[in-house]
Structures are given as C-alpha cells and as structure tokens.
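Undergrad: Going down the list, the sequences are from chains R and H.
Residue numbering for the first sequence follows the numbering used here, starting at 1 and increasing by one per position.
Residue numbering for the second sequence follows the numbering used here, starting at 1 and increasing by one per position.
Take the hints with a grain of salt, since some may be wrong.
Unchecked claim - Cβ-to-Cβ under 10 angstroms is the rule here; a few derived chain R residues that face chain H:
1) W41
2) L77
3) P86
4) A89
5) G96
6) V100
7) I116
8) R127
For the record, the hints were derived by calculation from the structure and aren't laboratory data.
For glycine and all other residues, C-beta sits at the position ideal for the given N, C-alpha and C.
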Amino acid sequence: MTSLPDYPPRFDTDIVRPYWAALERGEINLPACSVCGEYQWYPFGFIRCHPEATLEWKLVPNKGTVFTFTRVHRSFLPNAAAKAPPYIAALVELDGIAGVRIPTVIINSESQGTRIGMRVRLNPQKRSTYTLPAFEPDPTP
Amino acid sequence: MPTHSKLAIVGVGETEFKRAHTLGLDALVIQAARRAVADSGLTARQIDGIVSPDTYPPHDEIALGVGMQRRAFSATTPLIPGAGPVAAIIQAQLAIDAGLATAVLVTYGTQNSNPGGPYAYHAADPLKADLEMPVGYYGQPLYFAAVAQRYKHEYGLESEQLGSLAVAQRQWASRTPGAQKPAPITMQEYVQAPFIAEPLRNLDCCLLTDGAAAFIVTSLQRARDLPRKPAVVAGVAAGSNPWTLTEMFTQSPRFLDIGPGEAGQRALQQAGVSLQDVDFAQIYDCFTMSIILQLESLGFCKPGEGASFVAGGRTGPGGDLPLNTHGGHLSHAYIPGITHVVEAVRQIRGERGVAQVERAEVGLVSTFGGPDHATLILTSDR
C-alpha cells in the first residue's frame with residue numbers, strides 16, 4: 001500500500017487557482033492562450049506564444065498515459081508530516097493534449113505495477129486542505 | 001572571430017569540506033580565496049577583479065577578507081550556479097581583454113547544512129511550490145530519478161552501469177586528500193545500497209557539503225613568470241537550452257537532453273582539440289545519471305549509449321577514461337562546479353600523486369545548472 005504526500009499548495013501565485021479548484025470537482029482545467037489555444041503549462045505571468053493574449057481555462061480529458069515515474073523511498077518535502085514515502089511520483093500526458101505533463105502520484109497500482117506507457121485515469125484524493133490529482137490504472141479499453 | 005588574450009588559471013584553493021561547518025559561508029569563501037591567492041604566487045594587491053556565481057558573500061567583503069587594495073572589476077555570473085564557476089571564466093576573459101582587470105579571483109561556496117538544504121532552492125520557485133510539491137514531486141534526487149527511469153525505458157539502464165561510476169569515483173576519492181568519502185565501495189555494496197528514488201540509490205547522489213573553493217585567472221603571459229605550472233584556458237564556452245529551470249524536470253520537450261550541446265563543441269573548437277585528445281574529464285555529477293547525459297551531449301557517444309559507455313570501471317584509476325579524478329560531487333565534495341575546475345588545474349600541473357593521470361595534457365570540465373551549461377578545456381602550456 002502506498003501512502004500520499006500532504007503538502008498544500010502555497011498559492012504563491014493566484015494563477016494556478018483554477019487548476020486546483022477544478023480538481024475539487026474531479027476535473028482537470030488547464031490554461032491556454034486566448035489567441036491560438038496553445039496550452040500554457042506551466043502558467044507563467046506572461047503568455048509565451050502571444051504576449052498580448054490572456055489566459056483562457058479549458059476542461060481537458062482526465063485520462064492519459066504515464067510518461068515517467070519513480071518510486072520515492074525518501075521524500076525531501078520540508079514538512080516531515082507531509083512526506084509519507086513510499087509513493088510513486090509520476091508525470092502523466094493527457095489524451096490529445098500535446099506538450100503538457102501533469103505531475104502526479106500513481107495509486108492503486110500495487111497488483112499490476114507501474115510502467116511507462118501505462119493507461120491511467122484521474123482519481124482525485126482528498127488531503128488536509130486540498131485535493132491531490134492522483135491517477136490510477138485505467139482498466140477500460 | 002574575435003581574438004582573446006590567452007588566459008591561464010594560476011592559483012587554486014579550497015577549505016576543508018564537511019557535512020556541517022561551524023564557520024559561516026563568508027569565512028569559508030574568504031579562506032578558500034586567500035589560499036588560492038597564496039597558491040598563485042601573486043600578492044593580494046595584484047588581484048584586481050572578482051567574479052562569483054553568487055551574490056553572497058558580497059564582493060566588498062571578499063576583497064576586504066582577501067586583502068585586495070583595488071577592485072577594478074566585479075561581476076556576478078547570472079548562470080544557474082552549477083554552471084557558474086566555469087562561466088565566470090568567460091567574464092574574467094572579457095574583463096582582462098578589455099583592460100578592466102589583470103588578475104581575477106573566482107570563488108564560490110555552499111552551505112548545504114542550512115535549513116532546507118540544497119532543495120530549498122527549488123522550494124522557493126512559486127510554480128514548483130504550487131504544482132509539484134503538493135504531489136510530492138520534489139527534490140533533485142526525484143528529478144533525476146524521473147529522468148533515469150525515462151532513459152531506462154527508451155534505451156535500457158542497468159544498476160551496474162550507474163554503479164560503475166559510483167565505485168570508480170570512490171576509488172578516486174580514496175586517493176584525494178580532503179575528500180569527504182575516502183573509503184572505497186564495492187559493486188556489491190552499491191547494488192545493495194538503499195534507493196532514494198528508483199532507480200537512483202543514495203550512492204548515485206552527490207554529497208552535501210559546507211565549504212568553498214576558489215581560483216585565480218590571469219594572462220598566460222603573466223602566468224609564465226609565476227612559480228607554478230600554468231593551466232592554460234584553451235577553450236571556454238557557455239550556453240543555455242530553450243526551457244526554464246522551473247519546467248525542466250517535468251515539461252522539457254527534450255527530457256533527456258541535459259548538458260553542454262553546441263557550447264561543448266565551441267569550447268573544443270576554440271582549444272583546437274577533439275574528444276580523442278582529452279586525457280581526463282571532470283563532469284558535473286549531481287547524480288551518476290547526469291554524467292551519462294553530458295557525455296552523450298558532448299559527443300563522447302551517441303544518445304542512448306552513455307550508460308554502456310561508462311560501464312566496466314573505465315572511468316576509475318587506470319581506466320581509459322579518467323573521470324572526476326578527485327571523486328567528484330559524489331565522493332569528494334559538493335561545491336557545485338568549482339571543485340571540478342580546481343581538480344583539473346591540479347591534474348594539468350601534475351600535482352595529484354597517486355591520483356595523477358598519466359600525460360594529463362588536455363582536460364575537459366563540463367558543468368550545468370538547470371538549462372544553463374558551461375564547458376572548459378584546460379591544457380598544459382604547449
């Protein structure tokens with residue numbers, strides 16, 4: 001059984017709030033350029049393709065594939081209570097969304113293991129004050 | 001092509017390297033700097049420039065501590081610190097070429113025992129704090145583990161290939177005065193070492209160090225009048241990949257591209273040497289994995305061949321590719337980038353005793369910090 005980190009977003013920047021708000025509803029919301037639609041992930045304070053554009057948030061598919069992962073045996077998160085290794089940190093590429101990787105934790109993969117290219121779906125997990133965007137193996141074809 | 005005056009590194013110095021020092025970072029940097037000045041054969045009054053990769057300690061304090069009388073040139077390199085000490089040589093070159101300074105002190109220290117350790121640098125990034133830390137995607141070992149796992153998927157990667165580097169560097173460290181980890185390890189000990197983040201074990205990760213190192217850059221012409229053998233700056237080049245440090249370990253479109261790329265080639269071209277001429281290499285080793293990727297980027301082997309390229313102990317003493325001959329950041333000390341320069345100078349001078357590489361005429365130093373990178377070619381005075 002893997003455990004999960006609990007380290008709430010600091011919200012150093014308000015720009016990411018719509019991402020976290022959508023996760024509370026079980027959805028993935030990503031920022032895109034209002035001119036050409038290119039996803040701005042990560043969202044900086046400027047838009048890389050069209051500097052005069054604004055950010056437009058779009059709901060995107062909540063399924064994808066594992067790009068890479070690592071089983072974390074020792075976490076370096078600053079707060080000891082937040083760490084909870086071992087867990088499987090991963091990057092997931094969402095279906096049809098080019099150039100975006102979601103940092104995540106893979107859960108419920110004990111029986112089959114985790115591998116690159118594995119199909120996964122979002123399974124948000126409640127933590128102390130936020131919902132963590134975990135993914136789990138997707139059994140549907 | 002602009003012509004530069006030929007430069008040399010004429011003095012090197014370092015502090016004792018420890019997991020935790022009682023001295024502050026300012027005292028450590030000044031101690032290393034004073035030792036570099038003494039080693040150079042110049043007097044403190046003859047040092048008239050400072051370049052450092054960090055804003056602390058401030059240059060007025062360094063100058064006071066070293067005993068400099070005239071600080072005509074002062075610069076901080078904006079490259080991300082791993083690449084900073086080598087990139088500092090470029091700024092020293094510009095200052096000396098322009099007649100702004102004649103002898104430049106480059107110094108850098110770290111205090112990893114500070115709260116948050118080396119990870120705090122990344123925790124200070126708002127987007128990492130807001131998008132990565134909440135899912136536990138945090139800390140340099142995890143970043144390089146994610147890279148290594150992807151490499152393993154694309155090309156294959158065996159524990160013993162990473163282990164070959166770790167074991168070889170302990171052998172070098174056991175031949176190096178002042179190394180933090182001088183006790184050799186065996187491959188069996190390596191494969192039984194605990195994972196930090198798979199596939200990386202604790203022995204794949206650099207040390208944590210409090211300490212500092214320094215070196216002095218001046219013209220080759222002047223260096224020839226000094227007591228020690230000059231280490232000639234035959235080529236030095238810096239560059240940066242087109243992504244941010246913030247995104248590098250999650251969003252990079254070239255996830256396995258870490259290292260010097262064309263800047264490495266520029267440094268070799270300036271020096272008029274090829275990789276076949278390189279007698280030893282000091283390759284920035286925050287992790288074993290980072291060595292493999294830089295060797296590929298430099299062209300020592302093709303992408304995907306680096307892991308098998310370093311295997312079998314060839315990077316250790318007596319091997320045909322002497323690499324990180326002081327033990328590197330894995331086994332000697334982790335003062336990012338600068339201890340590799342100091343070691344390269346000592347090899348060129350022929351001062352390394354039981355760790356001396358035979359015919360050490362051409363040395364390559366490859367460093368990076370995030371997307372920034374800098375490569376140095378040092379040669380004997382030929």
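Undergrad: Evaluate each hint against the coordinates.
TA: Status of the hints after comparison with the structure:
no.: 1; hint: W41; verdict: 7 angstroms, holds
no.: 2; hint: L77; verdict: 6 angstroms, holds
no.: 3; hint: P86; verdict: 9 angstroms, holds
no.: 4; hint: A89; verdict: 5 angstroms, holds
no.: 5; hint: G96; verdict: 17 angstroms, violated
no.: 6; hint: V100; verdict: 8 angstroms, holds
no.: 7; hint: I116; verdict: 4 angstroms, holds
no.: 8; hint: R127; verdict: 8 angstroms, holds
Of the hints listed earlier, the one the structure fails to meet is number 5.
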